[in-house]
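Student: Sequence:
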Amino acid sequence: MILFHAARQMLGAERIRFGRRIADFAQKGSKVTARFVDRDGKIVEDATADLLIGADGIHSAVRGKFYPDEGPPKWQGILMWRGVTVGKPYLGGATMVQAGHHTQKFVCYPISRAHAERGESLINWICDLHMGDGALPSREDWNKPGSLADFLPRFADWKFDWLDVPGVIRAAHTILEFPMIDRDPLPRWSHGRVTLLGDAAHPMYPIGSNGASQAILDGEAVTQELVAGGDPEAALQRYEQRRLPPTARIVDSNRRKGIDVMLDIVEQRAPQGFSNLESVLPADELEKIVGDYKKLVAQDRETLLKLANAQ
31 MILFHAARQM
41 LGAERIRFGR
51 RIADFAQKGS
61 KVTARFVDRD
71 GKIVEDATAD
81 LLIGADGIHS
91 AVRGKFYPDE
101 GPPKWQGILM
111 WRGVTVGKPY
121 LGGATMVQAG
131 HHTQKFVCYP
141 ISRAHAERGE
151 SLINWICDLH
161 MGDGALPSRE
171 DWNKPGSLAD
181 FLPRFADWKF
191 DWLDVPGVIR
201 AAHTILEFPM
211 IDRDPLPRWS
221 HGRVTLLGDA
231 AHPMYPIGSN
241 GASQAILDGE
251 AVTQELVAGG
261 DPEAALQRYE
271 QRRLPPTARI
281 VDSNRRKGID
291 VMLDIVEQRA
301 PQGFSNLESV
311 LPADELEKIV
321 GDYKKLVAQD
331 RETLLKLANA
341 Q
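When the sequence shown is numbered by our numbering, its final residue is 341 and no position is left out of the sequence of numbers.
Calculated directly from the structure, the hints in this document are not laboratory data. Any given hint could turn out to be false.
Stated by the list, open to error - Cβ pair distances, simulated, as ranges:
| no. | residue 1 | residue 2 | range |
| --- | --- | --- | --- |
| 1 | LYS174 | ARG299 | 52 to 62 Å |
| 2 | ASP54 | GLY303 | 25 to 35 Å |
| 3 | LYS61 | GLN298 | 54 to 64 Å |
| 4 | GLN106 | LYS58 | 55 to 65 Å |
| 5 | ARG143 | LYS58 | 26 to 36 Å |
To be verified - In silico PhoX-like links for lysine-lysine, alpha-carbon gap of 25 Å or less:
| no. | residue 1 | residue 2 |
| --- | --- | --- |
| 6 | LYS61 | LYS104 |
| 7 | LYS135 | LYS174 |
| 8 | LYS189 | LYS135 |
| 9 | LYS324 | LYS336 |
| 10 | LYS318 | LYS287 |
| 11 | LYS72 | LYS95 |
| 12 | LYS135 | LYS287 |
| 13 | LYS287 | LYS325 |
| 14 | LYS104 | LYS174 |
| 15 | LYS336 | LYS325 |
| 16 | LYS336 | LYS318 |
| 17 | LYS72 | LYS61 |
| 18 | LYS104 | LYS135 |
| 19 | LYS287 | LYS324 |
| 20 | LYS72 | LYS58 |
| 21 | LYS287 | LYS58 |
| 22 | LYS189 | LYS72 |
| 23 | LYS58 | LYS95 |
| 24 | LYS336 | LYS135 |
| 25 | LYS189 | LYS118 |
We put the CB at the ideal spot given by N, CA and C, even for glycine.
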């Protein structure tokens, strides 16, 4: 919503159109014409512009036109259930929790300063379960309701003195289900005056919140290249050269568990539990895992300072 309100303020409310999706596009000379349809597939508008940036998600129609034989997203058997719960602050009120391992994981963190100021915690939580390999159980949909019966029993005894995991899950008003999926990196994103951004360009497992953060970095990079001036097609090529290689590396890393590899290390070394994390995963080893991943995804201090100074 932060980005939505910023776009509406900067571009004007009339520039944001709802209830439509891109169905096709064509390039001619220095223009691109895109065809939009409504939810029923009825044509609602043909719009012409200097460029087309396909930011239309993992089922991108723009990507599909360039790569019609790509096939469905790739799935390794993990389903995710997500929800938001108002609860009591835990572990100081500003802590992210990652518990479990590759086949069963619970992640949560507070997301509202306003709730914290009222002595509450608005907790965003995610449950991961490995449900078996094979074909996707159904077409993935960000708005598919989830059922407690499908996953809560596996977390029924996850009650800690600082957080009641099943209690947090039950208290959510809405639960959504989504498979953990991605696609193979592409050889190129930009074709003439059309390019890709975000999940349309590099759908990845949502480890380290990189689905969203990498899309934001895409937006920054393409904006900088276009503002630099010159040939728009060349600007899109420069954007691709900046962003395709690093995001491809993140897709590959997240397939290999990314930063979550630390959970499996602990599970392997202490399958019966532990009383002191340092005895299982020494601080210097943990810091190296976290530091290496931060550098990979451009979230380390040095990279962030460079980005800030470039503004």
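Student: Look at each hint and say if it fits the structure.
Tutor: Verification of the hints:
1. LYS174 - ARG299: 52 to 62 Å: 36 Å, violated
2. ASP54 - GLY303: 25 to 35 Å: Because 56 Å falls outside the window, the suggested range is violated.
3. LYS61 - GLN298: 54 to 64 Å: 57 Å, holds
4. GLN106 - LYS58: 55 to 65 Å: With Cβ atoms ~41 Å apart, the hint is violated.
5. ARG143 - LYS58: 26 to 36 Å: At roughly 49 Å between Cβ atoms, LYS58 and ARG143 fall outside 26 to 36 Å, so the hint is violated.
6. LYS61 - LYS104: 34 Å, violated
7. LYS135 - LYS174: Given pair LYS135, LYS174 holds - Cα atoms ~20 Å apart, limit 25 Å.
8. LYS189 - LYS135: 14 Å, holds
9. LYS324 - LYS336: Holds. LYS324 to LYS336 sits at ~14 Å (cutoff 25 Å).
10. LYS318 - LYS287: Cα-Cα ~15 Å, so holds.
11. LYS72 - LYS95: 19 Å, holds
12. LYS135 - LYS287: It holds: about 12 Å lies between the C-alpha atoms, which stays within 25 Å.
13. LYS287 - LYS325: Roughly 16 Å separates the two Cα atoms, so the pair holds.
14. LYS104 - LYS174: Holds, at roughly 19 Å.
15. LYS336 - LYS325: Holds. LYS336 to LYS325 sits at ~13 Å (cutoff 25 Å).
16. LYS336 - LYS318: 21 Å, holds
17. LYS72 - LYS61: Satisfied, since the Cα-Cα distance of roughly 24 Å is no more than 25 Å.
18. LYS104 - LYS135: 20 Å, holds
19. LYS287 - LYS324: 14 Å, holds
20. LYS72 - LYS58: 24 Å, holds
21. LYS287 - LYS58: 43 Å, violated
22. LYS189 - LYS72: 50 Å, violated
23. LYS58 - LYS95: 16 Å, holds
24. LYS336 - LYS135: Between LYS336 and LYS135 the Cα gap is close to 34 Å, so the pair fails against 25 Å, i.e. violated.
25. LYS189 - LYS118: 14 Å, holds
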